[in-house]
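Peer 1: Chain by chain, the residues run as shown.
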Amino acid sequence: MPTSAPGRFVLGFARHSGGIFLLAVKAFAMAFRRPLRLRLVVSHLYLDGIKSIPVIFLMSVFTGGVLALQSFYGLQRFGAEVFTGSLVGVSLTKELIPVLTGLMLAGRVSASYSAEIGTMAVTEQVDALFTFGVNPVQYLVSPRLAALLLMAPLLTLFGDFVGIMGGKVVATLVVNQNPNLFDSQLFRSLEIWDVLSGIIKSVFFGGAVAIVGSYFGLQTEGGARGVGRATTTAVVTASVIILVSDFFWSKILPFSLR
Amino acid sequence: MIRIRDLHKSFGPNRVLRGVNLDIEAGHTTTIIGGSGSGKSVLFKHIIGLLKPDAGSVTVDGVNICALKERELYGVVGKFGMVFQGGALFDSMTVGENVAFGIRQGREGGEPGIDIEAVVERSLEHVGLPQVAHLLPAELSGGMKKRVAIARAIAKQPSILMFDEPTTGLDPIMADVINELIIKVSASSEITAIVITHDMVSAYKISDKIAVLYEGEIIETGTVAEIRNSKSEIVRQFIEGRAAGPIQVGLK
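Protein chains in written order, with the numbering used here: chain W, 1 to 258; chain P, 1001 to 1252.
Keep in mind that the hints were calculated from the coordinates and are not lab data. Note that CB positions come from ideal geometry on N, CA and C, so glycine has one too. Take these hints with a grain of salt, some might be off.
Said to hold, decoys possible - Below, a list of computed lysine-lysine pairs in the DSSO-like style, where the Cα atoms sit at most 27 Å apart:
(1) P:K1052 with P:K1069
(2) P:K1184 with W:K26
(3) W:K26 with P:K1069
(4) P:K1045 with P:K1069
(5) P:K1045 with P:K1145
(6) P:K1209 with W:K26
(7) P:K1205 with P:K1145
(8) P:K1045 with P:K1209
(9) P:K1184 with P:K1145
(10) P:K1079 with W:K26
As the list claims (entries may be wrong) - Residues on chain P that point at chain W, a partial pick, calculated with CB under 7 Å:
(11) G1056
(12) V1077
(13) F1080
(14) F1084
(15) F1101
(16) G1102
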């Protein structure tokens, strides 16, 4: 066992990467195995999806608003402020809303998964599930994964709409742009593939949030302090995965760089 | 019948189990005693299949638990009812839902037509808590949690009941209530009970047989009378609760 800090980091990184990947495969496969935990899926759809709507709304409306504001004045320097609607629409749907929705879910949902499952782990509730013949991954992780794979793209789509509306409100009410001009530029440049590339990314981000939160929850040891550490690690790891993978998704998806 | 043979388990450099050999007879109550850190809980987790040994075997009714694949293990685990040290009640569910949990899970594989509510009521009455089904675990005292945990374990009618330090953290009267309860629920000749504890009052009261675990090995087994009259200095020191003796627990 290496005792140096870099050695421990490399070993820990390899162990956790492998663990997260294996958990993802296992949880996905078990989501389709009987008994289907539909009641749990529905409860997570509500708790982690529907109840995230207010925060996604706020995040989207202000992101769209500030983007419209900055774009307008930035483009005005080149006499190109007519393209504000285009810039807002494309930036939001391709990058900003999917990534920020993912980060919001990392903060809100990944933290709650790791804290809840972590508390269950340190109080032996996860072991107790096993003694009732219930697979903890199928009971705890698969329903969370299914819920977020479904909710993340829906929330992103919702955020796209709200963000563009926020941008339009600022463009028309704050910087007095003609609303028809905003719309016409938006619809002229925004393509279905822009929205779609963001949605595809968001499915991955949702899955990462669910798996990372659950993984660090299941790994929790050592009481309240362990739960705190697991929660921090889960939020940071999920956020880093979202930010780093976003770059590669943008590079890989065939229609994302048009 | 549970047969444990030459069971070894290490965590990193820490050798917790160093060749455990033990036979647990069906229909009796066997208590495993040992000091803190002697490997009792680790041994327990091997018996139910929660941990895999580095070497050795645990055979339950002729099936080697350690050789089973994960999916096969979930089929065997139905025989066991486990009462965890802190209760391990699911804190997002009411007491009633906790007690019903095992039966509900069992029903997915068959056994239709069980009146779950009646079983829950009967199980809670059995442990002397008929009025608490609607409460959440957080609203219960430590002793009540243990009793609900026992109700949850017996509700699914296991043939092997396991108790992890059932009297730890309870006042002497509540500890005796739990002892009586263990005797009551394991009275049937069909039930094999395994208890781990370091509470000698409890061990003497509930056991048919006592096994002493020391430094990862079973160093002595016998009836209550045999253990009380043990010639082993280690066993004597432990059951008499003396700081001085061959077991050195230093004050650092």
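Peer 1: Could you run down the list of hints and mark each one as holding or not?
Peer 2: Consistency of the hints with the structure:
Our distance criterion of 27 Å between C-alpha atoms is met by K1052 (chain P) and K1069 (chain P), whose separation comes to about 11 Å. Distance hint between K1184 (chain P) and K26 (chain W) is unfulfilled; the C-alpha atoms sit about 41 Å from each other, more than 27 Å. The suggested pairing of K26 (chain W) with K1069 (chain P) holds, with an alpha-carbon distance near 15 Å, which does not exceed 27 Å. Restraint check: the Cα-Cα separation between K1045 (chain P) and K1069 (chain P) comes to about 16 Å, which is no more than 27 Å; the hinted pair holds.
For the given pair, K1045 (chain P) sits about 21 Å from K1145 (chain P) by alpha-carbon distance, which is consistent with the 27 Å threshold. Proposed proximity of K1209 (chain P) and K26 (chain W) is contradicted: the alpha carbons are some 42 Å apart, above 27 Å. Between the alpha carbons of K1205 (chain P) and K1145 (chain P) the distance comes to roughly 22 Å, so the proposed pair stays at or under 27 Å and holds. Taking the CA atoms of K1045 (chain P) and K1209 (chain P), the gap is near 20 Å; set against the 27 Å cutoff, the hint holds.
Distance hint between K1184 (chain P) and K1145 (chain P) is fulfilled; the C-alpha atoms sit about 18 Å from each other, no more than 27 Å. In summary, the hint linking K1079 (chain P) to K26 (chain W) is supported, as the alpha carbons are separated by about 26 Å, within the 27 Å threshold. With a cut of 7 Å, the hint placing G1056 (chain P) at the interface with chain W is violated, because the nearest CB-to-CB distance is about 21 Å. Because the closest C-beta pair between V1077 (chain P) and chain W is about 5 Å apart, less than 7 Å, the hint holds.
Because the beta carbon of F1080 (chain P) sits about 6 Å from the nearest beta carbon in chain W, less than 7 Å, this interface hint is met. The beta carbon of F1084 (chain P) is positioned within 7 Å of a beta carbon in chain W (closest approach about 5 Å), and the interface hint is therefore held. The restraint placing F1101 (chain P) at the interface with chain W holds, with a minimum CB-CB distance near 6 Å, inside the 7 Å limit. Given the 7 Å rule on beta carbons, the hint for G1102 (chain P) holds: about 5 Å separates it from the nearest Cβ of chain W.
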